[in-house]
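*Asks:* Here are the chains, one letter per residue:
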Amino acid sequence: MTIPATTRPKASESGKSSKDGSLTPSEKKYVSSDDLYRHSSQYNLWSFTQAQLDEMRRAANEKGRKAALQRFEAARSSAEAENPAVFAAHGEELTSNMLELITYEEEQVFLRFICLQIIQICAHFNMPTQVRATAMSFFRKFYLVHSVMEYRPKNVAYTIVFLAAKLENYFILIESFCTRIPKTKAADILGLEFEVLQTLQFTLLVHHPFRPLWGFFLDFQLALLHPSPVMYDVSVDTIGKLYDQAKTWLNEYALLSDAPFMFTPPQIALAAFYDCDKRITDRYLRLKYLSEGPDSMETIAEEEEDPAVSKHKQTQKEQYDILVKTLKRCIVVAKQELPTSREESAKIDERCFFILSPQKLLKKKIKAFSA
Amino acid sequence: MKFDGTTLHKYTKEKKVGEGTYAVVYVGKQEFSHRQVAIKEIKTGLFKDGLDMSAIREVKYLKELRHNNVIELVDVYMSPDKNLNLVLEYLPCDLEVLIKDTSVVFKSSDIKSWLLMTLRGLHHCHRNFILHRDLKPNNLLLSPDGELKLADFGLARAFGSPNEDLTPKVVTRWYRAPELLFGAKHYTGAVDIWAVGIIFAELMLRIPYLPGKDDVDQLDVTFKALGTPTEQIWPNVSSLPNYDALKVYPLPSRQELRNRFSAATDKALDLMIMMTQLDPSRRFDTTRCLQDDFFLEQPLATSPKDLPTKSSGGDEKRRKTNA
Ligand SMILES: Nc1ncnc2c1ncn2[C@@H]1O[C@H](COP(=O)(O)OP(=O)(O)OP(=O)(O)O)[C@@H](O)[C@H]1O
Numbered sequence: 001m002t003i004p005a006t007t008r009p010k011a012s013e014s015g016k017s018s019k020d021g022s023l024t025p026s027e028k029k030y031v032s033s034d035d036l037y038r039h040s041s042q043y044n045l046w047s048f049t050q051a052q053l054d055e056m057r058r059a060a061n062e063k064g065r066k067a068a069l070q071r072f073e074a075a076r077s078s079a080e081a082e083n084p085a086v087f088a089a090h091g092e093e094l095t096s097n098m099l100e101l102i103t104y105e106e107e108q109v110f111l112r113f114i115c116l117q118i119i120q121i122c123a124h125f126n127m128p129t130q131v132r133a134t135a136m137s138f139f140r141k142f143y144l145v146h147s148v149m150e151y152r153p154k155n156v157a158y159t160i161v162f163l164a165a166k167l168e169n170y171f172i173l174i175e176s177f178c179t180r181i182p183k184t185k186a187a188d189i190l191g192l193e194f195e196v197l198q199t200l201q202f203t204l205l206v207h208h209p210f211r212p213l214w215g216f217f218l219d220f221q222l223a224l225l226h227p228s229p230v231m232y233d234v235s236v237d238t239i240g241k242l243y244d245q246a247k248t249w250l251n252e253y254a255l256l257s258d259a260p261f262m263f264t265p266p267q268i269a270l271a272a273f274y275d276c277d278k279r280i281t282d283r284y285l286r287l288k289y290l291s292e293g294p295d296s297m298e299t300i301a302e303e304e305e306d307p308a309v310s311k312h313k314q315t316q317k318e319q320y321d322i323l324v325k326t327l328k329r330c331i332v333v334a335k336q337e338l339p340t341s342r343e344e345s346a347k348i349d350e351r352c353f354f355i356l357s358p359q360k361l362l363k364k365k366i367k368a369f370s371a
Numbered sequence: 001m002k003f004d005g006t007t008l009h010k011y012t013k014e015k016k017v018g019e020g021t022y023a024v025v026y027v028g029k030q031e032f033s034h035r036q037v038a039i040k041e042i043k044t045g046l047f048k049d050g051l052d053m054s055a056i057r058e059v060k061y062l063k064e065l066r067h068n069n070v071i072e073l074v075d076v077y078m079s080p081d082k083n084l085n086l087v088l089e090y091l092p093c094d095l096e097v098l099i100k101d102t103s104v105v106f107k108s109s110d111i112k113s114w115l116l117m118t119l120r121g122l123h124h125c126h127r128n129f130i131l132h133r134d135l136k137p138n139n140l141l142l143s144p145d146g147e148l149k150l151a152d153f154g155l156a157r158a159f160g161s162p163n164e165d166l167t168p169k170v171v172t173r174w175y176r177a178p179e180l181l182f183g184a185k186h187y188t189g190a191v192d193i194w195a196v197g198i199i200f201a202e203l204m205l206r207i208p209y210l211p212g213k214d215d216v217d218q219l220d221v222t223f224k225a226l227g228t229p230t231e232q233i234w235p236n237v238s239s240l241p242n243y244d245a246l247k248v249y250p251l252p253s254r255q256e257l258r259n260r261f262s263a264a265t266d267k268a269l270d271l272m273i274m275m276t277q278l279d280p281s282r283r284f285d286t287t288r289c290l291q292d293d294f295f296l297e298q299p300l301a302t303s304p305k306d307l308p309t310k311s312s313g314g315d316e317k318r319r320k321t322n323a
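Those protein sequences? They're chains A and B, same order as listed. 1 is the number of the first residue of the first sequence in the UniProt record's numbering; add one for each residue after it. 1 is the number of the first residue of the second sequence in the UniProt record's numbering; add one for each residue after it.
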């Protein structure tokens, strides 16, 4: 479905040579910003349905479990070679049963917790919204493909924030980055950069809903206030406040959710407005989609109409209905709750540590047996 | 043959073809397809903060821009010695080489064609909200079949984010728009249009139009040719950071421009003037440029395959090997 991204005028497309080979700029094919979005890597590589997302995350978790077991077996063989006596006596207790693998559900909760941490890291560095939003997007994409049993989320989070800052013109020297975050080493952060890029398939440009939000903010003013106010209690101030609320909504809900995978940035922006003030947003949508001018009353609709015109109205109505339905779905997705707790996350993090370094787990147990 | 990740991403470097500030460029082949490619290996050691910033920005923008007049990013890989490599389509010539090659004659239809292709590529960037910021003849690469492609997106960035400061230190000096010379922190796609306007002039003159010796001289050279901007023609110009103690040159008369660009038609001159308006808000945007009558006027733009590529003789590509 098509939603005008902003009030921006359409740009003319003249990218191709005409058939006879001569270059003429006169072919005017119009491309909307929505068409452009459909050519973005975000749309082509990173748009999924809820079912696809669930499936990818389950597959990532499965891949993580397999990797964990393989890592464990390798560590076990070398430990056995070093401590044959211990293994002869306690072999059946030194198996992969020692590993407390992370379940799919645990993994999601833990990742949610780290997402909230990313917000804090960004706040700590006073980073602009754009960096935070991009970091969040990178992180959520990374763990669609990989599991916490393959890459420790804390490390990935640091790398991603550092990388996002570099890509969004808020570059921080690696030294100052490390000194301001305790217990981090430059090598750990930089060591993961390429891995992250590769997982992102080098698609580093993220379209966030903030730009369309701004565009709609301007268009709300145009549609609802000019030439004269359409709603008696809606002024520039009201719309300004609504805009601020919607921006907070994007930061608090949308960016942390699956919405960016499932909806386009303008859809998310409109959903933010809709959820913050249904009445004003709905009025705007009706004006835009149903051509309900301030003076278009039922009486006009009662008049006998040209069938072509009524057909047109019909499709407009359908479009409006689909749009509202989409916005409502988007709101549900954005507001999906996933409660996390610091304690539980710390426990999962520790399990991850041993899953990623099984030799340490074995060493601990062997020590206990030989004591 | 199986096209799994490993075979798809194998390349051989054949020989070095150039070197820029932050990269060495090789001509090579993609092994499975035998496609000829340029491999830009990013120099390590220059940037100690992980992957090179210009390189990843170039990747960021090229990955989104698929257009006939923008260089294609074929792949990105890490070589065993941990160097980042960008695989680009191989483009053996650039506009600077041709401009300097005095044995190649430019017809006005050829110039029109290069200008048109540049504008198309740029239009695609701008409508994706990407500023190139470093347009100059040697970043306009030419394919063997005559297509012109915008390259070198190491300085590119996204625009349109409100409340964000940009750095005025972009665009190679000779192609730098007056708002940049004045140190403006907010600018738009108009800086790229200016650069294209100056390149357009250079194509007609066959020598750089505004070759300032340093940043101060650049102001002087620019305004001597195009007039010193005043509040009257450019409101609020005097509030820009570096706007002070300027020598005031009058705006050039049409006759003066006509004398300088003796071969240009009126329409060519009109378009150039609109691309090099001192006030960025008066400059044409890419859409307006592309719709300009100049492109409808006879002779029409030469078709790319009929454009001059390099002077005849010697099959050695006449590309300068060092930047
Ligand atoms: N796609 C390509 N095909 C063929 N040769 C290329 C290609 N890209 C670059 N080159 C060659 O490699 C040289 C270096 O290119 P690069 O883009 O790194 O830097 P530059 O633009 O010349 O200089 P700087 O980085 O200082 O701006 C170019 O001058 C050119 O000769």
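Careful, some of the hints might be misleading.
[What the hints assert, rightly or not] No more than 16 Å apart at the CA atoms, straight line, and that leaves these computed lysine to aspartate or glutamate pairs for EDC-like:
1. 185/B with 279/B
2. 48/B with 54/A
3. 48/B with 175/A
[To be verified] If you anchor each label on the Cβ, the simulated ranges turn out as follows:
4. 51/A with 270/B: 35 to 45 Å
5. 44/B with 341/A: 38 to 48 Å
6. 43/B with 92/A: 47 to 57 Å
7. 339/A with 79/B: 53 to 63 Å
8. 38/A with 252/B: 41 to 51 Å
9. 38/A with 34/B: 52 to 62 Å
10. 250/B with 38/A: 47 to 57 Å
11. 278/A with 167/B: 41 to 51 Å
12. 288/B with 43/A: 27 to 37 Å
13. 337/A with 288/B: 48 to 58 Å
14. 80/A with 44/B: 34 to 44 Å
15. 224/B with 282/A: 51 to 61 Å
[Claimed, not checked] Partial list, computed: chain A residues near chain B (C-beta under 10 Å):
16. 190
17. 198
18. 240
Rather than coming from a laboratory, the hints here were simulated on the basis of the structure. Since the structure is predicted, the reported quantities are computational estimates derived from the model, not experimental observations. Cβ coordinates follow ideal geometry from the N, Cα and C atoms, glycine included.
*Asks:* Confirm or reject each hint.
*Replies:* Status of the hints after comparison with the structure:
1. 185/B with 279/B: Since the Cα atoms of residue 185/B and residue 279/B sit roughly 15 Å apart, the hinted pair holds (cutoff 16 Å).
2. 48/B with 54/A: violated, 39 Å
3. 48/B with 175/A: holds, 10 Å
4. 51/A with 270/B: 35 to 45 Å: Given about 57 Å between the Cβ atoms, the range is violated.
5. 44/B with 341/A: 38 to 48 Å: holds, 43 Å
6. 43/B with 92/A: 47 to 57 Å: Between residue 43/B and residue 92/A, where Cβ atoms are some 55 Å apart, the hint holds.
7. 339/A with 79/B: 53 to 63 Å: violated, 45 Å
8. 38/A with 252/B: 41 to 51 Å: holds, 45 Å
9. 38/A with 34/B: 52 to 62 Å: violated, 32 Å
10. 250/B with 38/A: 47 to 57 Å: 50 Å Cβ-Cβ, so the 47 to 57 Å window holds.
11. 278/A with 167/B: 41 to 51 Å: holds, 42 Å
12. 288/B with 43/A: 27 to 37 Å: holds, 28 Å
13. 337/A with 288/B: 48 to 58 Å: holds, 50 Å
14. 80/A with 44/B: 34 to 44 Å: holds, 41 Å
15. 224/B with 282/A: 51 to 61 Å: At roughly 59 Å between Cβ atoms, residue 282/A and residue 224/B fall inside 51 to 61 Å, so the hint holds.
16. 190: holds, 4 Å
17. 198: This hint holds: residue 198/A lies near chain B, its Cβ roughly 8 Å from the closest one there, short of 10 Å.
18. 240: violated, 14 Å
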